[in-house]
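Residue numbers (my numbering), protein chains in the order written: chain A, 1 to 346; chain B, 1001 to 1617.
Hints in this document: simulated from the structure, not taken from any laboratory.
In this text, a Cβ means the ideal position worked out from N, Cα and C, and glycines have one as well.
Heads up, a few of these hints could be off.
[Unchecked claim] Quick list of the computed label-pair ranges, beta carbon to beta carbon:
| # | chain 1 | residue 1 | chain 2 | residue 2 | range |
| --- | --- | --- | --- | --- | --- |
| 1 | A | E147 | B | N1483 | 37 to 43 angstroms |
| 2 | A | E147 | B | K1581 | 56 to 62 angstroms |
| 3 | B | K1197 | A | G316 | 22 to 28 angstroms |
| 4 | A | L137 | B | P1503 | 43 to 49 angstroms |
| 5 | A | C28 | B | S1349 | 39 to 45 angstroms |
| 6 | A | G22 | B | P1459 | 17 to 23 angstroms |
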Amino acid sequence: MTDQTKIETTELKLTAKDFSSGLDVRWCPGCGDYSVLAQTQRVFANLGYKKHEPLIVSGIGCSSRFPYYMSSYGFHGIHGRAAAIATGLKLVKPDHPVWVATGDGDLMSIGGNHFIHACRKNVDLKIMLFNNRIYGLTKGQYSPTSETGKITKTSPYGVVDYPFNPTALALGANATFVARTIDRDAKHLQYILEEAAKHKGTAFMEILQNCVIFNDGAFDDVSKKDVKDDNILMLEHGKPMIFGKDADKGIMLNGFIPIVVNLSVNPQLENMLLIHDEFEESGILASILTQMSEKTGLPTPFGIFRRVNQPTYVDGVTRQINEVTEKKGKGTLQKLLNEGNIWEVK
Amino acid sequence: MSEEIKQKKVENLTDVTVMFAGDSGDGMQLTGTQFSNTTALFGNDLNTLPDYPAEIRAPAGTIYGVSGFQLHFGSGNVNTPGDSPDVLVAMNPAALKKNLPNLKPNAMIIANSDAFDSKGLKLAKYESNPLKDGSLAGFKIFEVQITRLTQNALSDTGLSVKDIQRSKNFFALGLMYWLFDRPIEPTVEWVKTKFKKEPILIDANIKALKAGYYYGDTTEMFATKFKVESSKLTSGRYKNISGNEATAVGFVAASLLSDLPLFLGSYPITPASEILQYLSKYKNYGVITFQAEDEIAGIASAIGASFGGHLSITTTSGPGLALKTEAAGLAVMTELPLVIVNVQRGGPSTGLPTKTEQADLLQAMYGRNGEAPIPIVAASTPSDCFYMAIEASRIALKHMTPVILLTDGYIANGTEPWRIPEVSELKKIEVKYAENPETFQPYNRDENLVRPWAPAGTPGFEHRIGGLEKSNINGNVNYEPENHHEMIKIRAEKVNRIKNFIPDLEVLADEDADTIVIGWGGTYGAILDAVDRVREKGHKVAQAHFRFIYPFPKNTGEVLKKYKKVILPEINDGQLAKLLKAEFLIDIIQHNVIRGLPFRSSDLEKVIIENLGGNND
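Chain B on its own, in the form it takes in the complex (with noise of 0.2 angstroms):
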């Protein structure tokens, strides 16, 4: 090896967002996680939006068959998967084809050039090769023989051609930390306990992953590499985590803070199975979870579970939550703690399963027949999920409702850093029970008209609930026009009250300007950036994000009246602005791009700065 070689050009970066994208059977889920877990290990901030299909294993080589698995990591704050890859590695035609038009200029693409033959390009629908056709001008072309590299580095290993084929991820992985100067060990731990029971496998992934990795050192076609220095993040124990993980934990969390053991029957449904898959990880927790045979056995064995003195959740997307609507109306009559979790995707009916969307808020507010209020809460991060997991517990079980948590696609399987909060962080979650059976009646209230809980087999306080409308105080079933009245006025206020239990909107950036930008949910980390781009650009504006929606923080209307111009960006066609509007008889600017995927934060920054009066050139 010549020393020329070896003295190859680093430059350094302060952030970059890789695409990877091969086949839906290429492994590009593994090879993106494994790149953000040492990443992350490597002390940059990060952010990972996975972006697979809804088929299993759609036909090889085609563009529905696309996996991707896109990664912004960078030496400061990362609230983003990025809004254009700066590195795509395509594994197949496909998958360059399906990328292209999102890259960077300039961007660098690094090609499996041994699927770039005659029959990937035909699946892929090129008519020649763009990798040699000119096409890709305006880009960076790096054409490895992928295929052909991984064939050779492991032709001592005695796999056959085809179980070769299946450890070329590991190659490009190998080559990427390389390029971005990150350690291998962790990923060669990783596959030494995830393929303990084959070694032969063990074997031929860590060859891959080496012979990728020095491939870049000696090859000349790589004449830089780079360097993104690790973020300044504030000290403390950290733990790469995505949404899903962090709404399982989280929700343990609320079972320990309560002291009430977990209860979570639920249907699998993409993308929210991966909350109920943790959960059943977590028996030494006391956890029962109930795989049920539908969406409906999923709510309705939560509400006995609840009725039965547990901490109760369900977990569920969109078509789900529509299936549960008749008994998420029981759980209001009922006055019982269960927690309704809505990982949102892509709507109506089926529509996109694997994409994310910000449109079932309407259907968490009014879905249900009959006056039924239900606060709802929504996550903005992937790590937020913990603590929106804990809150939506809390008010559940000390206001004696049911309470919706929405998530989306998005923050449910993108990841980021999450700094661990130490247990004196987490505030406990009260409990109060039913106290004096001689005085008992289950629907008398308290000064903010909970009524008390007597879980079903507690000697002394036996009582009957059910859907027929009930008694006040008493709780008998009643008919009467003026008690029905009533007591819908009492489970309005009752969820009401709520407001005065939870945080005031907060203002972040400048509080005098006179634009603010508000949102909800997943759109959190686009929305902050946008917002940051245009402060460094001299303009002033404010920005607030609602974590709890319903009831509103007290503050609101305050809030959005001292601003002249409101701007509300969300992936749906407009549902938070609707509800504003009604509320709070405020003019919203709004911004509904509905795609299926999160918002660029570049797009926004222009939607600001245009309303701003400013000049986007």
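Looking at chain A on its own, in the form it has when it is part of the complex (with noise of 0.2 angstroms):
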């Protein structure tokens, strides 16, 4: 091989296929994963990246199979590990995307410290949360994502505690990059897993995504066809939030509550909605759009609901080594040994 093919063979731009290790693929068949794991794959041809660039780590779960099933370089940890395992990575692979595959069990439940810790400190990693509210790996228990009232193995009379809200926990850590979107909308995971890519920063996915095993058809309401239209708000930057399947509705604020008018009755109220914006920096809007849900009687959001630069963590620890570098000079050994208070005996 001369070294001009060599360059040539380097420079093609990776498929979706290219990202595939080529193990077979464990997840039960119709899982949601499988999407995920298509996506993302397409996603990363689609950025240009090569094969050695993106790194993944997951904690344990099924979700967190993931990077056996990826060509790149991947790191299985234990669990709920994944987003320290990956923050001590960043930290010394700066110039590399750092991807953190994790499921609701593994983030935020014996994970839940690292994960608000990796957004407060904005330490530029992209966590997807496999969000299928259930524990599926250990066959069936609630997670600290499942409804109040879920019926499973750990809880046959139903579910007395309170889920959590993963959108609102991560804008309550400070995450500058919080997004919803599905497996089964394929277009538009791809969409987030992109932008996504493409923020400097943490960036948070909650991606819902059905365990046909142990929670089917969690999801329905917001994937069915002909219910979906009517429960998802799509978020779009710079546009007045409308919905439904005949785009007659709309949330505006009542006071600082969001409601849902009817446009088709009240058009004149069209001006009034609210206009979703991304960069909004104090996060208050967002703070509004996490807690829209069924159980407020509103559409649930999907798409990113926040995105703000912020100077990451791994720039801040980069940046000070760089200047004391400048400073005192670069350490060396001889240097090393004589700092200090030294005296000589002769």
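Reconstruct the complex from the two isolated chains, following the hints.
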């Protein structure tokens, strides 16, 4: 092989298939994870990533098998610790995109602490939360995102606690990119993955993901063709918040509470509708969006709730190292051994 | 000033142990550190033991709020912080009460008599003033009005009475400098730098220091001052260093010797936090310190950084090691280089956070699920932490394995003069990477059963690893029974083969003795002193100290079986003894005293002599 051909082959853009490790995928047939895997491979190819560039870290759970099915570098960690492992990796590999594949048990329960700190610090991780609202790998116990009242193996009389709201939690921890999407909507999923990849900072993606075995149909309201348009609010930056099969419903604020208005009855309200602004700094608008769901009689928002620019943790660490090195000069062994209060014995 | 006073008697001493004790807020650690640094500069060998409460500022004047700093210095070799103080500086009654039981007979007590008022006595639960009631017969008492004298000396500084009080430790320090014939200049210089932004405090502290010094010179109370000649240390450049600082510097050195940047993931915990504090300053050495959200994130981030190709470490103390257990197993499974430092403290649970102990050896050895062997090394003195940090890194990188480095609260906080090595004395750390992407398999192995390292992000070596059992050679997930059995044996044998690369156990003192005293970790100085004294009394005894514990050095069995008696003192209930008995089927005479304090060499001396059949009287 001449040098010339070498350059040409490496410069060839990889395809989605190139990002598959070729191992047999062992998720249950019909599992939503397949879709996330396929879209991630596609997005990595679209972004022109080389195989060695993206580094993927996971914890424990069905979704955490993700790295084994990708052809890039992968680390299958221990339960809950993916974000912490990924933080160390990102700090030493600041130029590589570091992705975290995790589930609601892994990230919200045993890994809750690492999650909020990865958001707070703006480590620049891309966190994909596969939220199926159930423990799948351990075969059907309730998770921290399971609804109150849900019957599971460990709640035969119904769950008596209250679920986390992942987007609200991420926002509360000051995540600079917060979005929601769903396994069934390949195009939207791809869009969110791609925007998260482009974001500089920790990007949190809640991906609603159907568990065909233990929680099938959990997201029917927002995924079934006949009903979903009435239950989803597709967020688009700069556009008024309109939804519904006939695009005849809008969201406006009554005080600080969002309400649904019927535009076919009251068309004059159209210019009073909330306009989505992903870049709204304070996070107040995004906060309102995180609280919208069928529980509050409102549509479930999909899309990017918030994306704001803030210097990343990794940048801060690198900047300090560079500044101090410039000021003091690069350390050497000779220097190290000659620092401090030294005296000589003849 | 009369001639008579000026010509005070000078007494020569070979070594002295001084205890500075006062309230947590009295600045005793600072006073002790200053005295140590000046003494080191003066050329004495020394060893220190800070002894402070876990509470930051316990109620003033109470016994549990007493903070102490013990310092042993001499003209010969000094290996321990001293068994019992010859001199106690007691800033209040509580400090006296707490330290009295440990003083040498006829010790000198310099007491701040101003603090022995009814309130101070009551707080220390004294019914009458011990300085006056004759209960201190047998000690040499020097009552000094430290509070009042400091007040007088600083009355024109413009400081409030309260602020002036904060300088009284400098008065005490000045007095001690006079008493032991040390220069005050190093402390004057230190004060000038330390309080650069508050000139009024420079003035006040130097005035107090000088007032104390001149007080010693002029008062008739002290008829004698003492001289401790400087030690005949090996020639070279020296620095007074604590174990925690030496650990930090050692890892920076390991980073430079291996040409790999250093990553530390850590969560603050007593008594290990200082390593994180020190390392956070070494930014121009490319050191990344990540103060994690918890102990688990500390080690998990370090594993991530190791996957990414850094020399990665995590630092903690016993309770933190317990939390890191599962992740340590992950490092065993993924066969990544990692050093876990455990600065041992009194346990179990929160235990005695500021006190020393050696009771985490079995935790280090066995504290993980599954068969998860991790090599263990231990530092024996404050400056040895430097070398053991390098050796731990060397093993981790050469053998692709996590390594546990054990130090303890005593050597971590204690200091000693360290002869700084020349760059040429430090051996490079070789790092071997995966070389050929065509033939690369993540769990292929070399002749030492070590798998190749291909740091994440290197083009051509993309691979996946994790906590699930691996297929030998290709590293894919594998649940087959035979493979699991084989992998367990391989991981154990990989660690076992490290013994081919570590030094033999060295026998000191009399090789032809029939009794050997062995030990590991921070008990080295006390055992060495005890053995020396036993030999001075005409007995034959050998000594060996473990720095590499797991795997044991190759000659361990041979050494131990040579002696009729093996004596093993440990500050735990017999943990190394258990390991040695199980491995070598030998009998061991154990000495286990677990008080949160280092051994007294005089106690060990007695134990050794008793076992030699000698008479202690």
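Next item on the list: Evaluate the given range 56 to 62 angstroms for the C-beta pair formed by E147 of chain A and K1581 of chain B.
Entry: holds (57 angstroms)
Item checked: L137 of chain A versus P1503 of chain B beta-carbon gap, inside 43 to 49 angstroms or not -> holds (47 angstroms)
Next item on the list: Given the range 17 to 23 angstroms, decide if the beta-carbon distance of G22 of chain A to P1459 of chain B lies inside it.
Entry: holds (19 angstroms)
Note to self: Quick check on a hinted range of 22 to 28 angstroms for K1197 of chain B and G316 of chain A, using CB atoms only.
What the structure shows: For K1197 of chain B and G316 of chain A the Cβ distance comes to about 26 angstroms; the hint holds.
Next item on the list: Could you say whether the range 39 to 45 angstroms given as a hint is met by the Cβ separation of C28 of chain A and S1349 of chain B?
Entry: holds (43 angstroms)
Next item on the list: Using the beta carbons of E147 of chain A and N1483 of chain B, state whether their distance is inside 37 to 43 angstroms or not.
Entry: Given about 42 angstroms between the Cβ atoms, the range holds.
Against the hints set out earlier in the document, no violation occurs for any number.
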